[in-house]
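S.K.: The lines below spell out each chain.
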Amino acid sequence: KAGVTQTPRYLIKTRGQQVTLSCSPISGHRSVSWYQQTPGQGLQFLFEYFSETQRNKGNFPGRFSGRQFSNSRSEMNVSTLELGDSALYLCASSLGPGGGNSPLHFGNGTRLTVT
Amino acid sequence: AQRVTQPEKLLSVFKGAPVELKCNYSYSGSPELFWYVQYSRQRLQLLLRHISRESIKGFTADLNKGETSFHLKKPFAQEEDSAMYYCALTDTGNQFYFGTGTSLTVIP
Chain A
187 KAGVTQTPRY
197 LIKTRGQQVT
207 LSCSPISGHR
217 SVSWYQQTPG
227 QGLQFLFEYF
237 SETQRNKGNF
247 PGRFSGRQFS
257 NSRSEMNVST
267 LELGDSALYL
277 CASSLGPGGG
287 NSPLHFGNGT
297 RLTVT
Chain B
11 AQRVTQPEKL
21 LSVFKGAPVE
31 LKCNYSYSGS
41 PELFWYVQYS
51 RQRLQLLLRH
61 ISRESIKGFT
71 ADLNKGETSF
81 HLKKPFAQEE
91 DSAMYYCALT
101 DTGNQFYFGT
111 GTSLTVIP
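Protein chains in written order, with my numbering: chain A, 187 to 301; chain B, 11 to 118.
These are calculated hints, taken from the structure and not from any lab test.
Quick caveat, the model's predicted, so the values are computed rather than measured.
The beta carbon of each residue, even a glycine, is placed where N, CA and C say it ideally should be.
It is possible that part of the hints are untrue.
Stated by the list, open to error - One side of the interface only, derived from the structure: several residues of chain A facing chain B at Cβ under 7 Å: (1) Leu229; (2) Asn242; (3) Pro289.
Unchecked claim - Sample of chain A residues lacking proximity to chain B, with all beta carbon distances greater than 12 Å (derived): (4) Leu197; (5) Lys199; (6) Gln203; (7) Leu207; (8) Glu238; (9) Thr266; (10) Thr299; (11) Thr301.
Turn these sequences into a full structure, and let the hints guide you.
M.R.: Structural data, given as structure tokens:
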């Protein structure tokens, strides 16, 4: 089975712009969650989608949004980019909502740099 | 509220020495605990989960509800164990909470 695929791998944007990141889960996985990874903060949860519905949302401003399509692919959008948004954005998929029976499978991430 | 705490950002041990990566959690219910690992140039991946009570690559972790800890242990560290380790917890809502990670370096 192909793993979780994230595109693009690298992005460079300027402040004020917006960006869309894409995540294709493992075939058959219906849950997709997004994380922001930074050296100082570790992994911070952004949101989780299951069957096209947002189940959980982390403590991030409304500039961060996402959606999930009927094929379980997910996109994350960040509007009005700020320098502090520079990070590695990880997507993870699981069969069902995350838990002991549905461990997370991570993608390689999208490295976003905001200048 | 911080649910998962990993007090050590960096940890160095010599090859063959025992290693323990600490993880403490804050949750009143019955959480599910995990350890995830990220080797150099690889994606983050599941190492082990407490409900399986398994040993992976020589690592074990015991859930201590009294001390609210889930420390990761290995009796004899190997160079290939050098990686970033994250402790994680899920609650009844199935949302994952990750610690800030511990970077383990095994010195040859």
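S.K.: Take the hints in turn and mark each one as holding or not.
M.R.: Now for the hints, and whether the structure bears them out:
no., hint, in the structure
1, Leu229, "4 Å, holds"
2, Asn242, "4 Å, holds"
3, Pro289, "5 Å, holds"
4, Leu197, "18 Å, holds"
5, Lys199, "23 Å, holds"
6, Gln203, "27 Å, holds"
7, Leu207, "16 Å, holds"
8, Glu238, "17 Å, holds"
9, Thr266, "26 Å, holds"
10, Thr299, "19 Å, holds"
11, Thr301, "25 Å, holds"
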